[in-house]
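Undergrad: Sequence:
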Amino acid sequence: MLYSLEGMKDLEWDKLLKLQSKNGSFLSSPAATAFAFMQTKDQKCLAYLTNLVAKFKGGVPNAYPVDMYERIWIVDRLQRLGIARYFSSEIKDCLTYIYRYIIKLELKLENYIKGKITKMSPSCVHGRTHPVWEASGSKVEESMNEVVTCVQQSQKGSSCVSGLFRSVH
1 MLYSLEGMKD
11 LEWDKLLKLQ
21 SKNGSFLSSP
31 AATAFAFMQT
41 KDQKCLAYLT
51 NLVAKFKGGV
61 PNAYPVDMYE
71 RIWIVDRLQR
81 LGIARYFSSE
91 IKDCLTYIYR
101 YIIKLELKLE
111 NYIKGKITKM
121 SPSCVHGRTH
131 PVWEASGSKV
141 EESMNEVVTC
151 VQQSQKGSSC
161 VSGLFRSVH
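Here the sequence shown is numbered in the UniProt record's numbering, starting from 1 and rising by one per residue.
A few of these clues could be false.
List of simulated lysine-lysine pairs, DSBU-like, C-alpha gap at most 30 Å [claimed, not checked]:
#	residue 1	residue 2
1	Lys22	Lys9
2	Lys44	Lys22
3	Lys57	Lys44
4	Lys15	Lys44
5	Lys57	Lys41
6	Lys57	Lys92
7	Lys22	Lys57
8	Lys44	Lys18
9	Lys41	Lys9
10	Lys18	Lys41
11	Lys41	Lys15
12	Lys92	Lys22
13	Lys22	Lys55
14	Lys41	Lys22
15	Lys41	Lys55
16	Lys55	Lys18
17	Lys55	Lys44
Taking CB as the label site, the calculated pair distances span [stated by the list, open to error]:
#	residue 1	residue 2	range
18	Ser89	Pro65	19 to 27 Å
19	Glu90	Glu12	40 to 48 Å
20	Leu11	Arg85	39 to 47 Å
21	Val53	Trp13	35 to 43 Å
Simulated from the structure, these hints should not be mistaken for laboratory data. Ideal Cβ positions, reconstructed from N, Cα and C, are used throughout, including at glycine.
Construct all of the structure, not just a fragment, from the sequences and the given hints.
TA: Quick look at the structure:
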C-alpha cells in the first residue's frame, strides 16, 4: 500500500513517515513520495525527489533504481520459463549484486517483511540457497528466510518480486 499512497485519502502521516526509507522515498515510488511530500512537506521526501529529477534531467522513472528491478525481473522470467538451470551463473551474479546493494545501503528488510508482504515471485526462493545470503549471518539472511516462508504460502505474480525490492529500498 505504501507504493500507492497517491490513491488514498485520510492517511495517518505520523505513522506512515515512520515507514519511510532512509533515502526519503516510500518504496522507491516517485509518485507515492511526491504525494507524501505534498501532504507533509517532509524534507527527506523533497530531497529524494530533487535528487531523482536532477539525475534523470527533468524526469523520473516509475521505480528507482531501475537496474535492481531489471535484475530481479530477469531472474523471475528465467525461472518462470523453466530455463533458469541454463543461466545459474548469471542468476548467481544478479543475486550477488542485489545482495551487495541491500547491504551497502544498510536496508532493513525485517521492517517491511514481517506481516507486510503477502505474495512474492518464485525468484525470491532462489535467495534461500544463494551462498552469499547463507554465509552472511546477518539480519538480511534472517529476513530472507522469512521471505521464503511467505513465498511458500503465496500466489505467484510477476510484479511481486519487484514489490520486494521496492519494499526494502
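Undergrad: Does each hint fit the structure? Answer for all of them.
TA: So, going through the hints one by one against the coordinates:
| no. | hint | verdict |
| --- | --- | --- |
| 1 | Lys22 with Lys9 | 24 Å, holds |
| 2 | Lys44 with Lys22 | 8 Å, holds |
| 3 | Lys57 with Lys44 | 20 Å, holds |
| 4 | Lys15 with Lys44 | 15 Å, holds |
| 5 | Lys57 with Lys41 | 23 Å, holds |
| 6 | Lys57 with Lys92 | 33 Å, violated |
| 7 | Lys22 with Lys57 | 23 Å, holds |
| 8 | Lys44 with Lys18 | 12 Å, holds |
| 9 | Lys41 with Lys9 | 16 Å, holds |
| 10 | Lys18 with Lys41 | 15 Å, holds |
| 11 | Lys41 with Lys15 | 15 Å, holds |
| 12 | Lys92 with Lys22 | 27 Å, holds |
| 13 | Lys22 with Lys55 | 18 Å, holds |
| 14 | Lys41 with Lys22 | 16 Å, holds |
| 15 | Lys41 with Lys55 | 21 Å, holds |
| 16 | Lys55 with Lys18 | 26 Å, holds |
| 17 | Lys55 with Lys44 | 16 Å, holds |
| 18 | Ser89 with Pro65: 19 to 27 Å | 23 Å, holds |
| 19 | Glu90 with Glu12: 40 to 48 Å | 43 Å, holds |
| 20 | Leu11 with Arg85: 39 to 47 Å | 45 Å, holds |
| 21 | Val53 with Trp13: 35 to 43 Å | 23 Å, violated |
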